[in-house]
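2 is the number of the first residue of the sequence shown in the numbering used here; add one for each residue after it.
Simulated from the structure, these hints should not be mistaken for lab results. Since no wrong hints were added, every one of them can be taken at face value.
The list that follows gives simulated cross-link-like pairs (lysine-lysine, PhoX-like), each with its CA atoms no further than 25 Å apart: (1) 352 to 298; (2) 298 to 173; (3) 173 to 354; (4) 312 to 155; (5) 312 to 354; (6) 352 to 332; (7) 7 to 312; (8) 352 to 175; (9) 298 to 354; (10) 145 to 130; (11) 312 to 298.
Using C-beta positions, here's what the derived DEER-type ranges look like: (12) 264 to 328: 17 to 27 Å; (13) 101 to 344: 41 to 51 Å; (14) 258 to 165: 30 to 40 Å; (15) 40 to 258: 34 to 44 Å.
Just so we're clear, the structure is a prediction, and the values are computed from it rather than from any experiment. For every residue, glycine included, the Cβ atom is placed at its ideal position computed from N, Cα and C.
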Amino acid sequence: MINSRKTQLTDWVNQQLRQLLSEPSISVDLTTVSGDASFRRYFRAEIAQQTFIAVDAPPENENSELFVEVAGYLREAGVKSPEVLAKNYDKGFLLLEDFGDSLYLPRLLSLQAGGLDAISEYQVESLYKSAISALIKIQTNVNKERLAPYDREKLRSEMQLFEDWFCGEYLKLKLTDGDRELIANTFSFLEDAVLGQTQVAVHRDYHSRNLLILDEGRFPKDAGPGIIDFQDAMAGAYSYDLVSLLRDCYIRWSPELVEMLALHYYQLACEAGLIEGVSISQFLRDFDLAGLQRNFKVMGIFSRLCIRDNKPQYLADIPEVTQYFLEVACKYEEMAPFLDWFETNVLLNAKAKLNLES
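All chains, please: the whole structure from these sequences, using the hints.
Following this line, the structure appears as structure tokens:
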């Protein structure tokens, strides 16, 4: 079935390129670029020194119409999302502008591995500040009313993945009624904290694997990052994308650098009128608590990807997420009862299982 879809996609891409480039004899093969945590697959088509991205997004699993809509909102907001060159919603096929392969993550890992001197630290900060500037544009210019609300039901369903998939399916914990009540109360606290924040357009996966360094030969030097994987955007908490970016599941930075960059965002957001009346202390609390909600979600999703979708590579990133969770949760007395339970009932089991499977 997968090979059949690739054949269909190849035929469709050739039809579109013949029309787009006015070349009736075009015949290209597709090379795999990547898959991601969803059912989408990405391929590259190359013809006459031009490249394009072909997307296979099975319509029973993926919403290509929403992808195209959000891509348009982002481009209207002045940030770089790929132009949609052709689409077939019935088949789940898209042809996109190609931003290349220079993801933030490998560049950041390379800079980090070399040891941060003044030059490399400046380069790291520049990449993040560029991403933060793009985030401010999204939050300022994308009308959140065009997006579905990141409401209590959605927040709870995401955190429930922690209980169902991380604790249940992955760790095989036998939760008592008291355990479930404690978990539910903790979820309610975080829902209240996130819903109480200023609501803006939220990418929901704004991190180093979804941002690209654009080729200065093709794009203006100040274009900012190329932004991908945005189709799940919703209207939610202003701090959500920021904490996704700075407390990234895939790369860790010192608390000092994270706070410096967070405060850089705070200054820009205040200047843009996004968070009027929010003190620095309240901002840092908002940032922390949105991060905890995301940590619950990610522990659950990564477990589900391993068990249900046969993608065990995501388990390698769970320890980083739990470490973020422990470092932040201990700062808030409202989290103390859950943290005690987590350290006693979950953490040792998780460490033993993850070490065994790694």
